[in-house]
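K.L.:
Spelled out from the first residue to the last, the chains are:
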Amino acid sequence: MQKLTGLERILKTIRLEEPDVVPHFELIIDEKVRNAILPGACYEDFIEYLDIDGICIYDKTYTWEYETLDASKRVKRDQWGATVRFTEEEIGHPIKPAIELEEALDTYVPPDPDLPWRYEQLERVVKRFKGQRAVIAHATDPFEVVRDSILGDVKYFKAMIKNPELIHRATKIIVNYYLQYLRNCLDLGADIIWVSGDWAMTKGPMVSPRFTKEFIGPPFQKIVELAHSRGVPCLKHTDGNVWPIIDVILDTGADGLHPIDPLAGMDIGDAKTRIGNKLCLMGNVSCVTTLCSGTIEEVRQETKDVIRKAGEGGGLICASSNSIHSGVRPENYVAMVKAIKEYGKYPLSV
Amino acid sequence: MNNFSEIKESVVQGNCDKVLEMTKVALDSNVPAKEILDKGLIPGIMKVGDLFETGEYFLPELLVSGEAMSGAVELLGPILSKAHIPPAGKYLIGTVQGDVHDIGKNIVLMMLKGNGWDVTDIGVDVSPEEFCSAVEKGDFQILGLSSLLSTTMSSTVKTINALKAAGLRDKVKVMVGGAPVTQEWADKIRADGYAPDAPSAVRIARVLIGKS
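Residue numbers (our numbering), protein chains in the order written: chain U, 5 to 354; chain B, 751 to 962.
Everything labelled a hint here was simulated from the structure, so no lab data went into it. Just so it is clear, CB atoms sit at the ideal spot from N, CA and C, and this is done for glycine as well. Any given hint could turn out to be false.
Unchecked claim - Okay, the calculated beta carbon distance ranges per label pair:
no., chain 1, residue 1, chain 2, residue 2, range
1, U, A45, B, E824, 55 to 61 Å
2, B, D920, U, Y70, 43 to 49 Å
3, U, N167, B, V957, 33 to 39 Å
4, B, R940, U, E335, 44 to 50 Å
5, U, R234, B, R940, 31 to 37 Å
6, U, D55, B, T870, 51 to 57 Å
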């Protein structure tokens with residue numbers, strides 16, 4: 005087969021067709037890991053250096069606004085009004101939500117999605133890679149924003165039973181922000197939308213299938229519908245064991261599912277059999293074990309196994325089981341990328 | 751007094767008002783606080799744990815039932831203390847250094863308290879030194895270390911090593927938990943116990959102090 009561009013390779017794979025090689029891209033590649041591999045390079049240079057097929061503009065890193073509250077403790081206020089604490093990772097975690105009392109939602113003013121600076125990284129990437137590599141606009145799942153930044157997780161979960169209207173009201177505000185933000189991204193040339201936010205834990209879904217269907221699926225589905233109305237695929241990331249809620253995920257119309265979490269006991273070969281004809285599978289080389297503490301040979305073997313189990317006929321984007329976080333050994337990430345190119349050539353012979 | 755089963759069911763249903771009201775009625779009828787706890791509230795929260803483990807209950811139900819339980823436990827606490835009723839055990843819990851997630855820790859805490867444990871929450875992003883200091887000063891039987899990120903699992907190991915270095919390792923049993931944590935890893939780092947979720951944390955804690 006004629007050599008495809010990264011963009012063509014990914015789009016063909018998402019259409020569940022067989023490309024020339026199994027494609028690869030990541031949700032996040034931590035700056036420390038990138039610097040260890042290619043010191044001082046910008047993200048785009050790094051993508052080109054490893055010849056990665058797509059580049060994801062992670063919203064929390066490139067498009068969210070933060071106000072520093074306590075520099076020594078690395079505490080900031082995120083754009084939704086939540087207090088966020090940063091540790092070693094690029095992404096902070098909310099420690100206090102924006103809304104304490106329900107009444108505060110009446111006067112809540114969401115951030116402005118149309119601010120031009122939010123799109124600077126996207127515009128740089130589009131200018132450099134458009135048509136060659138997939139430009140992926142990322143959005144944090146509205147469920148995660150409402151749960152963590154707006155209401156706080158405990159209040160959110162309790163409200164599912166005690167005050168569902170509170171969740172619906174807050175969710176509407178966040179969905180409106182994201183629909184406008186993503187419309188702008190698509191206008192500027194994004195090829196794919198990728199929504200991340202966990203719906204499950206290792207053991208199983210965070211909430212019942214009924215609640216997943218009522219509260220969590222619909223906001224994401226609105227984003228899928230926007231993507232599809234513009235002829236663009238929409239991918240979903242969620243950690244955890246999602247088998248009990250797989251129908252809800254499929255019903256949203258998502259085009260790809262990441263990472264088929266191995267830590268939660270999800271086997272990508274099993275997923276290939278069960279849902280591989282419905283959406284593209286993405287993952288699932290372990291970034292909890294192998295990529296952090298495995299040998300190069302173990303990384304190569306696991307990458308090969310993923311391709312062998314789920315690569316047949318296309319429909320596999322080989323990637324880590326979450327992200328290339330700061331604990332991933334740089335040499336192991338490079339080994340995974342090389343192994344994908346080596347073992348991922350179609351027709352497969354793994 | 752024969753409405754223990756009603757208290758239990760109200761905990762299972764997560765009916766805060768009813769649990770509190772019935773606990774007050776029981777106290778007014780001179781039912782010993784310990785009996786209300788042992789025959790009504792604890793069986794209720796244990797059933798909630800069972801339903802969670804079998805996949806019938808999820809986080810919302812667990813939290814709402816926990817809240818219902820907490821109100822009653824708060825009411826009974828001073829009475830139990832005054833009557834010198836010992837807790838089920840003493841537990842120190844915290845999220846390890848570099849990690850600020852707390853929902854998992856807080857649910858374990860809630861379940862332990864609901865089951866009659868005296869729990870001290872040392873917070874999130876806790877350094878090995880802070881854990882050691884708390885273990886040294888307190889008389890805890892179990893130290894629970896939570897880590898939600900794969901990158902902070904190493905802080906759990908550092909905390910266990912710090913306990914060893916300070917000569918405190920044998921003073922407490924160490925339990926580990928959190929999304930990326932597995933039994934295999936817990937064995938590897940020589941933790942005394944691992945729990946995949948809050949209800950099992952209560953069960954394992956009992957086993958570790960010989961009260962199973």
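K.L.:
Would you mind marking each hint as holding or not holding in the structure?
P.N.:
These are the hints, each one checked on the structure:
The supplied range of 55 to 61 Å is met by U/A45 and B/E824, whose beta-carbon atoms lie about 56 Å from each other. Roughly 45 Å separates the CB atoms of B/D920 and U/Y70, a value that falls within the hinted 43 to 49 Å. For the pair U/N167 and B/V957, the beta carbons lie near 38 Å from each other, so the given range of 33 to 39 Å is met. Between B/R940 and U/E335 the beta carbons are some 28 Å apart, a value that contradicts the proposed interval 44 to 50 Å.
Separated by about 54 Å at the C-beta atoms, U/R234 and B/R940 break the suggested range of 31 to 37 Å. In this structure, U/D55 and B/T870 meet the distance hint of 51 to 57 Å, their C-beta atoms being roughly 53 Å apart.
Violated hints, in rising order: 4, 5; the structure is consistent with all others.
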